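Asks: Here is how the chains run, residue by residue.
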Amino acid sequence: MEADQCKLKVDSYFMHFTGYQPQSSRAEFCEDIPEVGRTIIVLDFVDESLRDIPVSVNLARDDGVQRMEMTNTPSSILYIPPRKYPNGTIKIDVNFEKAGRYVGMVAIEHRGQSVANFPFDVGRGWSLIRLLAWCLVIVSGAVGTFLWARRRYSIGRELSWANHR
Amino acid sequence: MRTRTVQFYDVHFSKTDVKVNERFELTGKFRLMEDWPDAVTPPDIVFVSSVSPGPTIARVETYLNGEPARQSFAKLELGRDYDFRMVLEGRTSGSSHIHPSISIKGSGPLVGPGQWINISGDAHSFAFPIKTMTGLQIDDLQTFGLTNAIGWHVAWLAVAAAWLLFWLVRPLFLPRWLVLQKGREDLLVSLRDTGVGIIVAAIVLVMVFGGYVRANQEYPYNVPLQSGLNKVAPRPASPADAEVKVISATYDVPGRSMRLATRITNKGSEPLSIGELTTANIRFLNQGLPAAIANVDPTYPRDLVARTGLELSSDTPINPGETREVLVEATDAVWELERLVSFLTDVDSKFGGLLLLYTPNGKRVIAEMGGPIVPVFTELK
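Order-wise, the sequence lines are chains A and B. Residues 1 to 165 (my numbering) are what the first sequence spells out, left to right. Residues 166 to 546 (my numbering) are what the second sequence spells out, left to right.
No lab work stands behind these hints, which were simulated from the structure alone. Note that the structure is a prediction, hence the values are computed from the model and not measured. Backbone N, C-alpha and C define an ideal beta-carbon position, used for all residues, glycine too. Any given hint might turn out to be false.
[Said to hold, decoys possible] Facing chain B, according to a computed beta carbon distance under 8 Å, are these residues of chain A, among others: (1) Pro22; (2) Asp32; (3) Val36; (4) Ile40; (5) Ser49; (6) Arg51; (7) Pro54; (8) Pro86; (9) Asn87; (10) Thr89.
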């Protein structure tokens, strides 16, 4: 866990973030969610003592204007009020209907409230248009390389023929 | 893999707070799983040891089934149990995570449960005195022969550096290659070069043989490094009072929950209650069974004991001769945190573990279990 890239720090405690979209892939996501649709986000408590502390979660659209609040605001798409998780894991089942920038907020109620934010993008994964764009780039590169090589070859042949003459 | 290789149990640390130079014991048992994975080399050559973050402790003695474990052991048997005992000593101050470890040639170390050991005191005051079989008293094994080792290294480095310098100050590759091309090899090695070569060879021989004679005079009695393998019999097999078959097993990936449909047969003469599922050092306890709770050593790492324990579809004892199907559920973040869940990507999606059952008077019966496991997303709507 020391080298964990998907770690989230709240106060002095650590959580491990994992995202799943089992309807489209069996992969685990660490930060951004590639597709819109049903998503399961799991937060595992790395620190044992977090199991005794009430934790709340707020997932909201990041419109860049509104200050993020740890309450159920109009921009929230999911809010889980403070509660304890003796199993050490929070499972968030959420449906992202629109692509865009979102922010997750996790708060712990321990000696006051401490909040951690984890911004992430949704629906900016390997869409069909991006896939086609990349295919176009690769095919263009291959065709360009072929034309360049053919030109070099023909110049070489012409020079060699001129030398013979 | 870790759920199907070595299962440590009854691990006990005699102390968790020690001073520098203070000894403590690490004891326990382990089961080598019958369903050993094909991808892991079998335990044909095994070394019992401890794992610590650097030289924070010194290992003074190690025993496997009561036999000294200075060397590796050959051909440990699958499906059998062994017990170990290590005498360790605090060396550098700080908090160190200490594990028992079984190193298997070809596979590497398989570590047992780790506990934080707080070592206090001054690391400079650490000493490791021993008395050899010839009566030589060594005050501190850490620094014994250090001057000698440094002296020999310096002497050899000096000879090597002089020899290298002798050739480096002369024309190097290209001039020598050109001379070779001209067919004048005779110019490459002069009479002076040959003379210097003979002197250096003589110095090397004198150092080797002189060192050998001096060491023999100083230490006339010595024992070669022990590289042979020991053999040890496993612990006596306990009667197979319970048979556990896994009918189906699933792992709820986002729920961090392993769900097992088991068929348990009581082949003993007393009723049996399910007390614990243990695998890869993680323990799920039936919290309604006092014998299972009492079996948890106070020094066992608390982060490896799942807080909410084991959920069972049937908690009543299984009578002698009875076969019962029981659903067993073990849920905790520890599956993910201990990196035990590779079912999504493994080509060999199998698991293993030990089911601990108890008679009414607290006698423990250990049953090995395991089988294929399927990852699921049960909460998906």
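Asks: If any of the earlier hints don't hold here, list their numbers in rising order.
Replies: 2, 3, 5 and 7
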